[in-house]
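A.B. asks: Given chain A, put chain B in place with the hints provided.
Quick mapping for you: the protein sequence lines, in order, are chains A and B. The first sequence runs 0 to 372 under numbering that gives the first Met the number 0. The second sequence runs 0 to 372 under numbering that gives the first Met the number 0.
It should be emphasised that the hints constitute simulated quantities derived from the structure, not laboratory data. Please note that the accuracy of each hint is not assured.
[Stated by the list, open to error] Within a straight-line C-alpha distance of at most 20 angstroms, the following computed SDA-like cross-link-like pairs (lysine to any residue) qualify:
#1 B:Lys80 with A:Ala291
#2 A:Lys80 with B:Ala320
#3 B:Lys128 with B:Tyr153
#4 A:Lys114 with B:Arg319
[Claimed, not checked] Covered stretches of chain B, going by a simulated chain A footprint (3 or more residues, C-beta under 8 angstroms):
#5 35-42
#6 306-315
All C-beta atoms, glycine included, are put in the ideal place defined by N, C-alpha and C.
Protein chains: 2
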Amino acid sequence: MDNFQYSLLARDGKARAGLFKTPHGEIPTPVFMPVGTQATVKAVTPEQLLEIDASIILSNTYHLYLRPGDDLIHQLGGLHKFMHWERPILTDSGGFQVFSLGGLRRIDEDGVTFKSHIDGTLHRFTPEKSIAIQENLDADIIMAFDECANPSDYAYNTRSMQRTHHWAERCLAAKTRPDQALFGIVQGGIFKDLREQSATFIRSLDLPGHAIGGLSVGETKEEMLASIEAVNAILPENKPRYLMGVGTPYDLIECIRRGVDMFDCVLPTRLARHSAAQTLSGRINLMNAKYARDEHPIDDACTCYTCRYYSCAYLRHLIRAREMLGATLISIHNIHTLVNLARTLRAAILQGTFDQTAAALLESIPLSERNSA
Amino acid sequence: MDNFQYSLLARDGKARAGLFKTPHGEIPTPVFMPVGTQATVKAVTPEQLLEIDASIILSNTYHLYLRPGDDLIHQLGGLHKFMHWERPILTDSGGFQVFSLGGLRRIDEDGVTFKSHIDGTLHRFTPEKSIAIQENLDADIIMAFDECANPSDYAYNTRSMQRTHHWAERCLAAKTRPDQALFGIVQGGIFKDLREQSATFIRSLDLPGHAIGGLSVGETKEEMLASIEAVNAILPENKPRYLMGVGTPYDLIECIRRGVDMFDCVLPTRLARHSAAQTLSGRINLMNAKYARDEHPIDDACTCYTCRYYSCAYLRHLIRAREMLGATLISIHNIHTLVNLARTLRAAILQGTFDQTAAALLESIPLSERNSA
Numbered sequence: 000m001d002n003f004q005y006s007l008l009a010r011d012g013k014a015r016a017g018l019f020k021t022p023h024g025e026i027p028t029p030v031f032m033p034v035g036t037q038a039t040v041k042a043v044t045p046e047q048l049l050e051i052d053a054s055i056i057l058s059n060t061y062h063l064y065l066r067p068g069d070d071l072i073h074q075l076g077g078l079h080k081f082m083h084w085e086r087p088i089l090t091d092s093g094g095f096q097v098f099s100l101g102g103l104r105r106i107d108e109d110g111v112t113f114k115s116h117i118d119g120t121l122h123r124f125t126p127e128k129s130i131a132i133q134e135n136l137d138a139d140i141i142m143a144f145d146e147c148a149n150p151s152d153y154a155y156n157t158r159s160m161q162r163t164h165h166w167a168e169r170c171l172a173a174k175t176r177p178d179q180a181l182f183g184i185v186q187g188g189i190f191k192d193l194r195e196q197s198a199t200f201i202r203s204l205d206l207p208g209h210a211i212g213g214l215s216v217g218e219t220k221e222e223m224l225a226s227i228e229a230v231n232a233i234l235p236e237n238k239p240r241y242l243m244g245v246g247t248p249y250d251l252i253e254c255i256r257r258g259v260d261m262f263d264c265v266l267p268t269r270l271a272r273h274s275a276a277q278t279l280s281g282r283i284n285l286m287n288a289k290y291a292r293d294e295h296p297i298d299d300a301c302t303c304y305t306c307r308y309y310s311c312a313y314l315r316h317l318i319r320a321r322e323m324l325g326a327t328l329i330s331i332h333n334i335h336t337l338v339n340l341a342r343t344l345r346a347a348i349l350q351g352t353f354d355q356t357a358a359a360l361l362e363s364i365p366l367s368e369r370n371s372a
Numbered sequence: 000m001d002n003f004q005y006s007l008l009a010r011d012g013k014a015r016a017g018l019f020k021t022p023h024g025e026i027p028t029p030v031f032m033p034v035g036t037q038a039t040v041k042a043v044t045p046e047q048l049l050e051i052d053a054s055i056i057l058s059n060t061y062h063l064y065l066r067p068g069d070d071l072i073h074q075l076g077g078l079h080k081f082m083h084w085e086r087p088i089l090t091d092s093g094g095f096q097v098f099s100l101g102g103l104r105r106i107d108e109d110g111v112t113f114k115s116h117i118d119g120t121l122h123r124f125t126p127e128k129s130i131a132i133q134e135n136l137d138a139d140i141i142m143a144f145d146e147c148a149n150p151s152d153y154a155y156n157t158r159s160m161q162r163t164h165h166w167a168e169r170c171l172a173a174k175t176r177p178d179q180a181l182f183g184i185v186q187g188g189i190f191k192d193l194r195e196q197s198a199t200f201i202r203s204l205d206l207p208g209h210a211i212g213g214l215s216v217g218e219t220k221e222e223m224l225a226s227i228e229a230v231n232a233i234l235p236e237n238k239p240r241y242l243m244g245v246g247t248p249y250d251l252i253e254c255i256r257r258g259v260d261m262f263d264c265v266l267p268t269r270l271a272r273h274s275a276a277q278t279l280s281g282r283i284n285l286m287n288a289k290y291a292r293d294e295h296p297i298d299d300a301c302t303c304y305t306c307r308y309y310s311c312a313y314l315r316h317l318i319r320a321r322e323m324l325g326a327t328l329i330s331i332h333n334i335h336t337l338v339n340l341a342r343t344l345r346a347a348i349l350q351g352t353f354d355q356t357a358a359a360l361l362e363s364i365p366l367s368e369r370n371s372a
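Next up, chain A with everything else stripped away, as it sits in the complex (with noise of 0.2 angstroms):
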C-alpha cells in the first residue's frame, strides 16, 4: 500500500490533523469532500473546486453504472479524464444508493437486486460487482459494498451488520488494484455494542482507511454522536476516518472533535439549487424580499469567489429570474464554507487551539442548525 500514506501530524484532543498521500495528490485532513453524483458537481467547473481548493471530490458508483455506464468511462480513460478532474476522487460501493432510492429491490446474502430509477430496468450488485465497477471508474479510495440498515432496528442491524461484514471480506478479496485504496465500512445503527463489534471486525481487515455508516439518516444528534465516539475509540490512529453523507457546519465540528477526517454530504449543492446560501452563522434563503437591495455579499467575512464579486441583490436576481448562474454562485459559496471550515478546524489542531475555535464557531450556529440536518 505504498500508494497510500495517511500521516498523523497533530491531535488536539481526539481531533486529529493530517496527510493522506494518494496517487492524485495529497489531501489534508479533516477535508470536506463535495459531491459530484453524476460525473459533476452539480453546476460547478474544476477549476471553480480548484478555487476553492477542494483537494478531493466523491463520486457515486450507483449513478455512474447506470449512466453513463462504468465501462464507457474505463474506455475513456477513467473518471478523472472523463470529468477533467485530477485531483483524489473517491467513489462510493452503490450500496448506500440502491438501499435508499426506494423503489423495488431485494437484498439475499449474496448481493442486491434493484430497479434502476432510470427506466425501470434490472440489475443486481454483489461485492465482487461493485470492486469491479469502482476499478472501471478508477476513483483514488473505493468502498466497500455494504448494506445502510434502518438504523434503530436491533435484530435487523445484527444481521445486516454481518453481511456488512462478509461483503467487505469479499471486497478486498475481489480487489486487484494496487492503486486504488478500499476503505471498509463500520455499521451497526445506533447500537452501541454492535458498533463496537462492527469497528473491531473492520478494522481486523487491516485496510488503509475505515468509514462510519449508516448515521444520519434519522437518528438523533445525541445518538449519531455516541456512534462515532464508540467506533473511533476502536479504529486506529493511523489511518483515515471517514464519516460517510454527512456535512452541516455543526456536524463537522462534533464530529471532528472526536476524531473524524473525511466528510461528504450533498446538501451544500442542494441548497443552492434551492436558493439557500449556508454561512457558519446559519442558513439564509436569497429569495427573502428583504435581499433585494441588499448591496452585501453573503457573507462579508468569506473569501470565496461568488462573496468577492456578487452581492446579495444580484443573487437573488439571478434566482428570480430562473438564470443558471444563481445555482452556480451559491453552490461555490456553499461549498466554500463547508470546504475551508474543515481548513481552519485543522489549522486550529495544528496550532492545539480546537477547543476555543469550535467554541467561537459553535456560539453562531443557530440552534435549528445543530439537532437536525
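C.D. replies: Leaving out everything else, chain B in the frame of chain A:
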C-alpha cells in the same frame, strides 16, 4: 465624444478592421457580442467570457427594466458592478423586445404601451424613458429607441421609419451622460429606397456609431444582404456599424464582407441549452447516439476551454443526466466559435487576405446554415 473613438485600421474590399475605444476598454472589430439578457450570459461566468476574450457583451433594457429594475441596478452601482463585468457593455433600447415578445402593445407617435411578460402589468416606453433606463443601467453603448416593423410592408415601413427617426432625435436630445455612446438605428425593412433614406437621416445625426435594425426577422438572406449593402454605402467609414441580432457563422462572414463591424445573437447560448454545438462545419446535436463513446472534443481544431478538456461523450452524458454543467460547457464552446470567427476574420482583413479566408471558411459551412438563421 472623447470617451469614444473608432479607428479604422485596415480595409480589405469592404471588410473593415478597427478598434473602438470606450470608457471600459477597447473593442477590436469585427466583433461578436455575447448576449446577457438578464445581466448574465446564460450559464457562463464573466471569467469564462474573459477566457474566451469576449471584449463586449450585450444586455437587454426591457428585461432589466422589468426585473430587477433599472433603479435597483443604478443604486447598486450600475450593470458592470452588478454583474461583475468590467469590459464594455451595450444595452439595446427595449424597442425590439416590446415589439417582438408579443402580448398587448399599443404604439403611438410618442411611444409604446405594453404589458409585462412577467406579470401582465402595464408599462410605457418612450424615447426619453428608454434613454433614462439605459443611463441607469450604465452601459457604455446605448441604443436609440426604435420600432422594428414587419420588413415587407412598404407603407407601414415608411411610417415606422419616420417615427424611428423622430425618436432617434428625441433620444439624442434626452441623453445626458458623456460616458455613454448613443448609436442610431437604421430601419426601412427590405426596401432599398427606405434603407437609403434611413441611413442618410441617421448619419445626419452625427452619432458615434450606427446600427442596422429590423433584419434577420423573416426576410430572405438575399434581402438581408442587399439591405446591408445599401445602408453601408451611405454610413460613414469613421464610425462602427452594428448589425443587430445577427450571428450565424455564415452571416458573420457575409456581413463582415459587406462592412459590418459588430454583431450580437442569442443563438450560441440558446443552441447550447438545446444540446446543440455550433462549429464552423455546422451544428452538432450532442444527444445523437453516435457521440455516446466519442472521446473527441466537439471540434478537434477548437482551442476553447470545453474542447481542451471534455469529450463529446462527457457532454452527451451531462445532457442526458440533465446536469447544468452541460449547458455551461456547450455555451462556452458556441460563444467561442463566434467570438473567434470574428477574430480570425479581423486578422485576415489586417493581412489583406479576407477573401481567401472567407472562401475557405464558407466551404465547410453546410447549405442548411447559409439560408436561414
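A.B. asks: If a hint holds in the structure, say so; if it does not, say that too.
C.D. replies: Against the structure, the hints come out as follows:
1. B:Lys80 with A:Ala291: Answer holds: B:Lys80 to A:Ala291 is near 16 angstroms, not above 20 angstroms.
2. A:Lys80 with B:Ala320: Holds, at about 18 angstroms.
3. B:Lys128 with B:Tyr153: 28 angstroms, violated
4. A:Lys114 with B:Arg319: With a Cα-Cα distance of about 19 angstroms, the restraint between A:Lys114 and B:Arg319 holds, given a limit of 20 angstroms.
5. 35-42: holds (count 5)
6. 306-315: Answer holds; 6 residues pass the 8 angstroms Cβ test.
Figure legend: structure checked against the earlier numbered hints; the only hint not met is number 3.
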